[in-house]
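K.L.:
These are the residues of each chain, in order.
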Amino acid sequence: MTRPRKSRVEAIFADYLSELRLLSAELAPTERAELLGAIEEHIAHVRSSTNVTDEAGARALLARLGSPDSIVDEVYGRKTRPGRTVDLKPERNALLWISLGSLLPVFGWLRGVSAVWESARFSRAEKWAATLLVPGGLLAALAFTFWIGAATDVVCSSDYAGTVGAGGVRTVLSTSSSCTDPLVSPPIGFGLAVAVLLVAVLGPLWVWRSVRSRTCSPDTPHLIVV
Amino acid sequence: MELEDTCTSMPQLRRGGLELCVLAILANRATYGFDLIRRLSEVDGVVATEGAVYPLLARLRRQGRVETRWRESQSGPPRRYYRLSDSGALSLRVLKAEWQAFRDAVDATLAMPERQVGR
Chain A
3 MTRPRKSRVE AIFADYLSEL RLLSAELAPT ERAELLGAIE EHIAHVRSST NVTDEAGARA
63 LLARLGSPDS IVDEVYGRKT RPGRTVDLKP ERNALLWISL GSLLPVFGWL RGVSAVWESA
123 RFSRAEKWAA TLLVPGGLLA ALAFTFWIGA ATDVVCSSDY AGTVGAGGVR TVLSTSSSCT
183 DPLVSPPIGF GLAVAVLLVA VLGPLWVWRS VRSRTCSPDT PHLIVV
Chain B
323 MELEDTCTSM PQLRRGGLEL CVLAILANRA TYGFDLIRRL SEVDGVVATE GAVYPLLARL
383 RRQGRVETRW RESQSGPPRR YYRLSDSGAL SLRVLKAEWQ AFRDAVDATL AMPERQVGR
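Going down the list, the protein sequences come from chains A and B. Plus 2 on top of the position in the first sequence (first one is 1) and you've got my numbering. Plus 322 on top of the position in the second sequence (first one is 1) and you've got my numbering.
Any given hint could turn out to be false.
Partial list, derived from the structure: chain B residues whose beta carbon lies under 10 Å from chain A [to be verified]:
id	residue
1	351
2	352
3	381
4	386
5	402
6	405
Since the hints were derived computationally from the structure, they do not count as laboratory data. Virtual Cβ for every residue (Gly too), placed ideally from N, Cα, C.
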């Protein structure tokens, strides 16, 4: 029981430090190393002295420390860094590759997923969400929807044996027909198809909004380029 | 609109005050970052976020107003200790005088009757 909670706490600190590393990339190397070293040391010190073991404790520690962006802003001694822009194009493109990239079968989706995992702007949860939400993206969801639609119809086939006589008059000697039951009942199939489509569309949108709102929270005014 | 302006003014006021407080604490004795934050946190309202102190210390060091030295710690890795330089001590005296004059001026202004301030 303790192990997963501890790893989640580690992930919270790792995400925080990762964001700080990213945001401080524009600082001079020595300045950046000093800042990162000081913050890591501070976290280690508080953790060892107060025994932070749960998520609430980890988040409280980081809240007292301030957001990575506010810390980097302090380096400049003012609230907003001049001319600061955040380029979210790679993140936007990664999500587009995931949603629509399956037009290039397999390759497109793989490219999107690899771009998502390479980007440091996505949190771990967003990366997993982008990876697992309808693998294959919108095209896969559409294909699934059509398949479900077909599978909810009753499929019948018939065989006949007979002769075709003069004038095209067919004499049926025997007829056999068979019908296949649908995999799922039509209402359930329809609901499932709609749900998959919605997830395929709304999933990447949710991830996009999440990463965008974090980058552009009221505490961190930026000019965002998409 | 006015509330937003207030929200951006307070951090700036606090930033100026924080610098003065850090210099004042370091004038008494050399200390390391975490201990400095602990001492600052003993007074409510001085530190809004603890992380703001480290960039300030780095800036003061680059400006030559504080000096640093690594010391072994009994309970972990070596720590960077900060202490006031001669330039920092001079800076503290100047800032302290300016702060007191500024604080008195602001207090006097706030104490004025509303009619008098608006004139």
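K.L.:
Indicate, hint by hint, whether the structure satisfies it.
P.N.:
For each hint, the structure was consulted:
For residue 351(B), the interface hint is violated, since its Cβ never comes within 10 Å of a Cβ in chain A; the closest pair sits about 19 Å apart. Evaluation of the residue 352(B) hint against chain A yields a violated restraint, the C-beta minimum of about 16 Å exceeding 10 Å. Because the closest C-beta pair between residue 381(B) and chain A is about 7 Å apart, less than 10 Å, the hint holds. The beta carbon of residue 386(B) is not positioned within 10 Å of any beta carbon in chain A (closest approach about 15 Å), and the interface hint is therefore violated.
Taking 10 Å as the C-beta cut-off, the interface hint given for residue 402(B) holds, the closest approach to chain A being about 7 Å. Violation of the interface hint for residue 405(B) is found here, the shortest Cβ-Cβ separation to chain A being roughly 16 Å, above the 10 Å cut-off.
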